[in-house]
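Order-wise, the sequence lines are chains D and A.
Everything in the first sequence is counted per UniProt numbering, starting at 1 for the first residue and increasing by one.
Everything in the second sequence is counted per UniProt numbering, starting at 1 for the first residue and increasing by one.
Please note that the accuracy of each hint is not assured.
All copies of an identical chain are treated as equivalent in the list; a pair is satisfied when it fits inside any one copy or across any two copies.
Claimed, not checked - Straight-line C-alpha distance at most 25 angstroms; calculated DSS-like pairs for lysine-lysine:
no. : residue 1 : residue 2
1   : Lys154    : Lys390
2   : Lys547    : Lys469
3   : Lys385    : Lys570
4   : Lys383    : Lys584
5   : Lys64     : Lys344
6   : Lys584    : Lys540
7   : Lys159    : Lys205
8   : Lys467    : Lys547
9   : Lys564    : Lys540
10  : Lys154    : Lys759
11  : Lys570    : Lys390
12  : Lys71     : Lys385
13  : Lys564    : Lys469
14  : Lys394    : Lys570
15  : Lys385    : Lys45
16  : Lys64     : Lys175
17  : Lys110    : Lys742
18  : Lys604    : Lys507
19  : Lys430    : Lys11
20  : Lys64     : Lys390
21  : Lys385    : Lys519
22  : Lys237    : Lys222
Rather than coming from a laboratory, the hints here were simulated on the basis of the structure.
Residues per chain, in single letters:
2 protein chains.
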Amino acid sequence: MKKYFLTDEWKVIEDGFDKSYNRVTESIMSLGNGHMGLRGNFVEKYSGDSLAGTYLAGIYYPDKTVVGWWKNGYPEYFAKIANSANFIGIDLKIDGVTIDLAEVKFRDFKRVLNMKEATLSKSLVVELPDNEIKIEAVRFLDQVNKELALIKYKLTPLKKSVQVELTPYLNGNVKNEDANYGEFFWQGIACTAKDSLDVLTMKTKKSEFEVSTAMQYQLNKKAQVTPKQAENYLARKISLTAAKGEEIILTKYIAVCTSRDYPQSEVPEQAEAKVKAAVKQGYTKLFAEHKQAWDLIWQESDIKISGDPAAQQGIRFNIFQLNQTYTGHDPRLNIGPKGFTGEKYGGLTYWDTEAYCLPFYLATHAEKVARNLLLYRYHHLEKAKENAAKLGLKGALYPMVTINGEECHNEWEITFEEIHRNGAIAHAIKDYVDYTGDKEYLVKYGLPVLIEISRFWADRAHFNQYKDKYMILGVTGPNEYENNVNNNWYTNRIAVWTLNYTLTTLKNLKNNNSKHYQKLLTELTINPQELELWSEIAEKMYYPYLKEYSIYAQQDGYLDKEQKTTADLKQADLPLHRNWSWDKILRSPFIKQADVMQGIYYFKSDFNQADIARHYDFYEPRTVHESSLSPCIYSILAAELGREDKAYQLYLRTARLDLDNYNHDTDDGLHITSMAGTWLAIVRGFAGYEVKAGLPTFRPFLPQAWTDFEFKLNFRGRRIKVKVDSTQSHFDLEAGDPLKIKVYQHQYELSTAENLSIKNK
Amino acid sequence: MKKYFLTDEWKVIEDGFDKSYNRVTESIMSLGNGHMGLRGNFVEKYSGDSLAGTYLAGIYYPDKTVVGWWKNGYPEYFAKIANSANFIGIDLKIDGVTIDLAEVKFRDFKRVLNMKEATLSKSLVVELPDNEIKIEAVRFLDQVNKELALIKYKLTPLKKSVQVELTPYLNGNVKNEDANYGEFFWQGIACTAKDSLDVLTMKTKKSEFEVSTAMQYQLNKKAQVTPKQAENYLARKISLTAAKGEEIILTKYIAVCTSRDYPQSEVPEQAEAKVKAAVKQGYTKLFAEHKQAWDLIWQESDIKISGDPAAQQGIRFNIFQLNQTYTGHDPRLNIGPKGFTGEKYGGLTYWDTEAYCLPFYLATHAEKVARNLLLYRYHHLEKAKENAAKLGLKGALYPMVTINGEECHNEWEITFEEIHRNGAIAHAIKDYVDYTGDKEYLVKYGLPVLIEISRFWADRAHFNQYKDKYMILGVTGPNEYENNVNNNWYTNRIAVWTLNYTLTTLKNLKNNNSKHYQKLLTELTINPQELELWSEIAEKMYYPYLKEYSIYAQQDGYLDKEQKTTADLKQADLPLHRNWSWDKILRSPFIKQADVMQGIYYFKSDFNQADIARHYDFYEPRTVHESSLSPCIYSILAAELGREDKAYQLYLRTARLDLDNYNHDTDDGLHITSMAGTWLAIVRGFAGYEVKAGLPTFRPFLPQAWTDFEFKLNFRGRRIKVKVDSTQSHFDLEAGDPLKIKVYQHQYELSTAENLSIKNK
């Protein structure tokens, strides 16, 4: 596959401009700082194909929903992250002619995403009939002062002097491309122009989020300035003459404040104050702090790969985007599948967060970051209970897709039936507690969630008198290429796990602190019969089984399908979801993403190597990995089985998914949550890292294509550096108290005083 | 239940006006003549809640579709019968004030649907501060000259003379209520006013059907007339003075011609010519012919019930609406679930036609009427093949919902999976051939359809190596409260039936006319291996079975559901589709409409009484009959089992479905296709009428609530009158050659010379 972007270990470089690829490049070149995000759009006018995108965390519009046929229980709206006021724009006129980058001739074009510094820069030379203008622009979204965005825009006439008109602007007339009825999500509140400062205030309709965007600029030369104003639009027209070779530098400071963070009446003045303070501090100082913050992020979460620059670029890109999307500073936020890089999926939260992203944040950030991801669900518990009640069920059903705790998705087979998401949300509590040892969280915030999820499972299962078993009918498992199946093994298994974990947690609490236990029972109106029922369901759960293969069946009737493997598929069939009708997909044996194997991944300790191998050998050949969340799970399990080449091959399927536009859909935005999957494949897979019984354990190997790889782990106050080379694995405690770790099942003591090197197996 | 309409054997009478019930009344009072239909709207201005509806057979707009999530294979559009130019309107001003029936005071209001004459009339006295105006209006859609509509409008001042302004108009500015994006489906082509004649020509967008509506009027008094014109609007303002007691009579003649029937360029002149001819003939003559045509219809299709006027009104209403909706004059037309009475379901064709309506038309109309219903599908064979190909399958898959042969529905579980519809379409061929003996149709038009449907079944089934059986996975059966199930017994059974019937037909052809047979094999590229495969599939089809009950299972896994019956439901649960979420419905055992029992109804001769009873006793208590197509099937089977009371109870559930607004949804339009179900319940159920081996057979009984009932049957050139009273059944051959019939399994000879009376069992 031809690579569009140049390979560089810290940069993504577009060298020369391909119009037809622009939407992909815009996605790739996205910037974000957890508070806001921008696609890599040009600041200048660009009349070509483009998705201009400015997104603010948590600012959404409840878009009127669209369904083929309304069904009782469907949500009324689908929340969409609102594409917000364009604040990067700077219109440029040279000698009275507007520069439109889709029309004008230029050379030496470069657009560079610098991942180390989290900047996007662009340079080119515009070729005019009688002149050449060099343009260099760089921008960043401040990682320290998250409400700030800065743009430095340089312009130099190369052949002769020119009349320049630069018009930095704020434009609130922005529509979501993904709006069901083409509605405009915003209403303008105020356009305020004072002295050199502009403040545009807009409010989302219905959801009523108020957003003020303030702008000031600096120019390295005196110029004539005319304020401009129109509906939801503020600008400053700056006119000047630039001599040949003279460098004109415009610095645009932007502050974006929202009523999520301030009382509504204060939002405009906050934005004004922030932008003024920014100008006062100046670009250089702000950038230095921003860069320093990113240095710290990289210090904790970087993975270094030697011997394979493309792999290095790929993993850094993924880690970079994860860190741009979610910083953990606000428990009301979460991680959308597209982050701030596009509008698909409405910018909302899926179970991806718990199942794929949480381990990344646990290992590479302060504990509070992962804790905030968990608290997000804790805070939505009441809404999850309402959601279950809407379906006529007890307990809590977390939504499949949400921004504020309410369900947004509206396909019955997903919304109502893909209930295994509840299991991942419960299991994340265990992951967090096992990793951090934070038992207090478990009791205070974990248990209320676990109990309501258990209630849901208990009510959703029913007793089958003919088989003397409990069953869960009518579900969609992680493999969404099956809908409305009975007894999806993964769902049944994770339901039972939830019940058992909740029961064990309660029992431990009873043994350790019976007073608190009694209080809890009263508070949560738990009675002993309820706990007995949970225990009975857990014991008598039915699991579909394939005698012929001595493995669990994905669901009842799986073996009734015509048994084929991916080897039977033609290239023209792939991806199935584009080439086959839905019914053909559903009745085929092909699996979209790890399903039984997702369960084996979660509950690996319940299976021996032979068990895992039997399941793997049956299901992997039937899996088409048409979810970007699939290969990492198989990669980790292949690594577990010592199938190193297979593990590496599977890792490759998503390692550069967006950078190489592997699925031809990066124009829609990046696959943010699946980026965590490649981190998992390396750290959990290649290094075999897991926390077992409170001990970090490793089973490392080095993929043949690499010289070595290295990463860091946060673990209960320590920072451990792990480096795997072709012969040895090195463990270096960079910070924190000594601790025990296990490597290939042997236990070692690790301290800052002494490095540990273990020969690879 | 309080009845809103007065009971009358030939009329539906609204005595006094209830605004809040107006939409229901408008549905009930609909008129149609197969070419066009009108809801029972007022001619005068009515600013209250109303669905003004004028629909022309076959004139549709391909409305942009709406889906929750696009799936490969979904149709691009959903055809909607376009709500067309309002031609009934007559604005009325009295002394300069517009009469708005939603605002003005009136008394002695009556709206009467006369089913015998197929007219809608209305009378009332408008009470003005200083006067009273009597209004009487009557309209009909001409059953002979199907492009004509006539309205007679009478007005009499009762207290003193008044200035009257009558404005008959044509208004093309009509929108469908059911438009996905609020689009206007029409574009105006021409407004032509000549002398006393107006022609409005409109064209549907995209589908480009041109429709000309021509209007002329007559008035029984000289008046001042001013033509009026606006966009898509033509009118004549008629001003006059009416003396106290003076009867002013306005007769409005309308002709509606469409480019479905004439070359586009001729449409306006055709409408003009038709309306001129109508005026020439005059109201009285046209009405007399219209009435005569309806007399003939009633002579063939009436059911008389003595001793129960409400039942009499109910069945006549149903027969009336069926005859209004489809007359069989045009094989390009079919029967929409709402006919011309509303916009729900887009006015399209479902499998209801073949499964429920065909027997009615076979027994009560000339053979060509049923034949045209079959030809409709024959003409769509190529599109059905394209539809199968879209799903990656061989043969033909007829659409679930269509107007022109292309699929319109867009829920995967229906569109792609409710494939049993193919079976009903195949079976209708057998029904027609068995009834009429028209073997020529079978070979010429039937076989090509049967073969392509067989090819579809053969490709859709697959061989299961583990069970040594063929299976059909991923279907939705007639019971739409199950989606995406495996091995729906009904589907598997009707698939096998199709294969066998096709094979038998081919074999008979081979034996009788081997030359034609050979030609056919070549034409349809059938090879012997293909026939062998069909035969193997038919032999080795898998049928789910419940050993515990010695009955066929609705589908695999049905008994895994929590087994409850309708006795376990609370009133607040019903109807389930309004009160339960879809997942709860799906995993419940409750059955929307006859599914296994639909198969037993079709293939009754394969089961003995005990078999039928076992299935009935298992499935009926689990059936909620939330499709209006369900009770009739159970009623017929109850009758078959000699459970007369049950048969009658089930018949009652739909006998007056719309007249009593039983399901609270008649405001959307009438349940046209299910009306055939009540006819079936009486004729097939109570009278036990079936054609077996070419002989009409009967198993009559009289419901206890009735004194007697009587109906007529067309059968191969004969007309048989059947009357069942409390002791005997009487068979009277009114026309045609002598024939053999069977009553309670005994054979009799019937001739016009002699009546036959048989004691009831």
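Identify every previously stated hint that the structure contradicts and give their numbers, smallest first.
Per hint list: 1, 7, 10, 15, 17, 19 violated.
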